[in-house]
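Participant: Kindly produce the complete structure, drawing on both the sequences and the hints.
Protein chains: 2
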Amino acid sequence: MMNKDITPERFMREALKEARKAYELEECPIGCVIVKDNKIISRAHNLRITHNCSLSHAEILAIKKACKKLDSWRLSDCDLYVTLEPCTMCSGAIIQSRIRKVYFAAYEPKGGAVCSCNDIFDIRHGHNHEVLFEGGLLEEESSKMLKEFFREIRDSKKIRE
Amino acid sequence: MMNKDITPERFMREALKEARKAYELEECPIGCVIVKDNKIISRAHNLRITHNCSLSHAEILAIKKACKKLDSWRLSDCDLYVTLEPCTMCSGAIIQSRIRKVYFAAYEPKGGAVCSCNDIFDIRHGHNHEVLFEGGLLEEESSKMLKEFFREIRDSKKIRE
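Protein chains in written order, with our numbering: chain A, 2 to 162; chain B, 2 to 162.
No distinction is drawn between identical chains; accordingly, a pair holds when it is met within one copy or between any pair of copies.
Simulated pairs of lysine-lysine, BS3-like, Cα-Cα distance not exceeding 27 Å:
(1) Lys69 / Lys22
(2) Lys102 / Lys18
(3) Lys66 / Lys18
(4) Lys22 / Lys66
Since the hints were derived computationally from the structure, they do not count as laboratory data.
Facilitator: Below is the structure:
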């Protein structure tokens, strides 16, 4: 029997905890963890508004921490778990850092670059590192949190109007 | 007559100066400047090896500085000048930060994501910000520096063999 602690679901639950931290900061709730040898080596959540920087997506911040931790620009044998399908920038960063596999929870029909609006990981786009991916892991939990967040934003706008 | 000081060539020359700084650090010579209202608001060069981080491309570092300088994640009305066609990650970062126009010097047949191996800026990929671009500006100067760099790398490997 597979050790319950090292299933992909376990790591996605940790990414969801990161997403919750973003939610509490009134950031769009997206969280990410990076795993090597069945251990989480870095974790981060979306901080775009807090940092006032378009680059501060969960995946970018997690990759930066992982590079620092391993003291290497290559994150070979690392898997990345993120609660929403990565955008073009983050998909490109995943290729640049040689991540082995990406697990994401919710699909992103507006700009998801892995399979919804593009297929960035496909090697026909000129890179020679193939990233594996699996979408839809704990999709419901992530979608629920995202919907709740956007509903709250709409409601708070209505109050101000 | 157009003011000589605010032509695109002038800004690309500044990006080439940044590329030279990377060269001197034995980094792949790529430089970038970001311009708003005909003034350079940030400048950076590739520091991937120095930082040991896959994210430290010239464009990413320049965007980060520009966000900080303008205290905004939106770089509207900003143009980006870079000496090599951006990769997928950097093209995505350019979209995320709402850059108006990208000028690049050399085309990158191995992974250039603007027009060589992909067309990331095309809005059919699901983003609603259209980035304008122009390639080949001072292409020769940039290509010459890149070729010189890769020749030196090959020669130093030969000596070690």
